[in-house]
Amino acid sequence: MSIGTGMAVVGRETSSDSGLKLRIPPLSRSFVLSSLSVVFLLAVWLLVTEMGWANELFLPKPQAVWAAFIKTMTKGYQGSTLLQHVGTSLYRILVSFGLACVIGVPLGILMGVSRDARALLNPAIEFYRPLPPLGLYTLLVMWLGIGETSKISLLFLAGLPGIVISTIQAVSTVDPILVRAAKSLGASRRALILEVYLPAAGPTILAGMRISLGFTYTVLVAAEIVAASAGIGWMIWDAAKFLLSDIVIMGLIVLGLTGVALDCLMRLIGRLLMPWTYRSQR
Amino acid sequence: MFRPIASLTAAVLAFSGLAHASDKPDKVTVGYLNLVNAQLVTKHLGLIAKEMPGVEIKYVKVGGGGDMLRVIAGNDVDFGGIGNPPTAIAITRGLPIKGILVINMLDYVEAMVVRTSKNIKSLTDLKGKTVAAPFGSTTHYLLLQALNDEGVDPASMKIIDLPPSDIAAAWLRGDLDAAWFWEPNLDKAVNNDGHIFLTSGLMAKRGYPTWDVGVVMNAFAEKYPDYVEKFVKAECAGIDFWLKNPAKTAEIIAEELSLPIADATRMMNGTAMVPCDQQLTAPYLGTSAKKGQFVDTLVSTADFLVKQDRLPKLLPRKDFENFIDPSYIEKAIAK
Chain A
535 MSIGTGMAVV GRETSSDSGL KLRIPPLSRS FVLSSLSVVF LLAVWLLVTE
585 MGWANELFLP KPQAVWAAFI KTMTKGYQGS TLLQHVGTSL YRILVSFGLA
635 CVIGVPLGIL MGVSRDARAL LNPAIEFYRP LPPLGLYTLL VMWLGIGETS
685 KISLLFLAGL PGIVISTIQA VSTVDPILVR AAKSLGASRR ALILEVYLPA
735 AGPTILAGMR ISLGFTYTVL VAAEIVAASA GIGWMIWDAA KFLLSDIVIM
785 GLIVLGLTGV ALDCLMRLIG RLLMPWTYRS QR
Chain B
9 MFRPIASLTA AVLAFSGLAH ASDKPDKVTV GYLNLVNAQL VTKHLGLIAK
59 EMPGVEIKYV KVGGGGDMLR VIAGNDVDFG GIGNPPTAIA ITRGLPIKGI
109 LVINMLDYVE AMVVRTSKNI KSLTDLKGKT VAAPFGSTTH YLLLQALNDE
159 GVDPASMKII DLPPSDIAAA WLRGDLDAAW FWEPNLDKAV NNDGHIFLTS
209 GLMAKRGYPT WDVGVVMNAF AEKYPDYVEK FVKAECAGID FWLKNPAKTA
259 EIIAEELSLP IADATRMMNG TAMVPCDQQL TAPYLGTSAK KGQFVDTLVS
309 TADFLVKQDR LPKLLPRKDF ENFIDPSYIE KAIAK
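Residue numbers (the numbering used here), protein chains in the order written: chain A, 535 to 816; chain B, 9 to 343.
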């Protein structure tokens, strides 16, 4: 029922601003398909648990996971409510991801524009990029201690290469005609970067940032294994030690949803800051 | 989603195994804790392999009780070893295992070390300090129990979860004021501005004994009961060797854990081995007819964990009694 009305609403919105001739506008079609896949997964989960095909220790019922959600929201898990756990983790993620963007984008532009800078900085980035985060983490803990610094550093290092590499890629593929035109009009190097490279490279940089945010997320549980007492990643890890699989699955779902929400937010920001790309894509 | 699939395939394999039932396993996997006890002797001397000719023996080292639970839940071992808090968790969560053997009784091989320069004289002095323990382990349980007994609120200090090796590293950096963990890493903290404040042996005298128990997966025990007996026999031989040849044992421990002999000897003295015939007496497993005090310890541990909100509910005593299964030792000794 709700899918049908959702389709109608979405359909109206998209058909008003574009001249698409398809019967079903693509956005509503993908909305229906996405909803169907979510409903299908839920149904499989219900079926498997209700029929008793899965050991409840490994796959608890959706109702049990919901109950764990309510309990963690109200009573909390080991001293912090769910919102506090999510808040702690989001703080860690946003600070480190923000740092990665603030440092990664200028670094990428520099490396994209100047061959010398690329030659100087590439070895370090290319070397540490494929290292498994846990291996890197033991070293970070030894150097920086068990507090927030080592956690944020790990998340930062996980997010940085994606942003740098996509920025290099974006800058080096900017249409040379645009650059030459700006130069012939007497643009300074500064103006060239701010007015030509950045706007042209923006969409690719944003795509790199979205992928980087994903990397930061994958490292979250690892970062919170060591010496944490709050955070959604820590909650998942701790609950696993006590075989509380309802909390583990609930935590994973919440973690996933916050990731999706952040990604949507970034796409929204992209749409607001770089409206030209979304217009040209249509 | 992997787990149900894994258990499904395990079930299928078990059924196919039943179809052409053989009385000999191809391979036996033993999960052992990174601890100082006679399991290292059994492993070093290859005693299990001697009892089970033609069977491949695989040893898997596991960091702590919490990890061992995951290994057991994932059906990755045939035999394992866990302390009483993880055991209480395992029973309550219905893991398919039985306790068949006392691996060791913990004395000062596990201890709470405090930073000497911080002048900590009582548990109340820990307020506002940073204290570490591997969560879900015996020492985490004892730390909370000790604070509880002295009426100190755990929320008044920062209690953090670290594996033993990371506690040692964090201690050396000066990040921790106190930690309750075990050898072979404990020593590194003691030698660096630390001294022992409380030991697990002292807590045992206060009525909170901690120990590690050898467990077998139910599916394995049903299929190869003879091999469970052989396993127990090998471990008993290791315990006997430990008790009769302390000097040789120290050499073995030193080699297995890459330690100086002096350290190995000290760590050995901090943990007590129980000869298998004594394991059948009241302070330990007891007999099949009358289970021993291990059941009491498990019930009180589970009760504590329920109060800590780490377990959903306290099961009836019967479930804890059913977990303890001294029958394999009884058979091994009778022969």
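One should not assume that every hint holds.
Taking lysine-lysine pairs in the BS3-like style, the calculated list, with each CA pair at most 25 Å apart, reads [claimed, not checked]:
(1) B:K69 / B:K256
(2) B:K238 / B:K69
(3) B:K35 / A:K605
(4) B:K35 / B:K135
(5) B:K238 / B:K321
(6) A:K595 / B:K231
(7) B:K315 / B:K66
(8) B:K252 / B:K196
(9) B:K58 / A:K609
(10) B:K321 / B:K35
(11) B:K315 / B:K135
(12) B:K69 / B:K58
(13) B:K135 / A:K605
(14) B:K135 / B:K166
(15) B:K137 / B:K126
(16) B:K238 / A:K605
(17) B:K238 / A:K609
(18) B:K213 / B:K339
(19) B:K106 / B:K196
(20) B:K106 / A:K609
(21) B:K66 / B:K321
Here are some chain A residues pointing at chain B (derived, C-beta under 10 Å) [to be verified]:
(22) F574
(23) D650
(24) M676
(25) V760
Calculated from the structure, these hints are not laboratory results. Where is the CB? At the ideal position from N, CA and C, for every residue including glycine.
Need the list of violated hint numbers for this structure, in ascending order. 3, 4, 5, 6, 7, 8, 9, 10, 13, 16, 17, 18, 19, 20, 21, 22, 23
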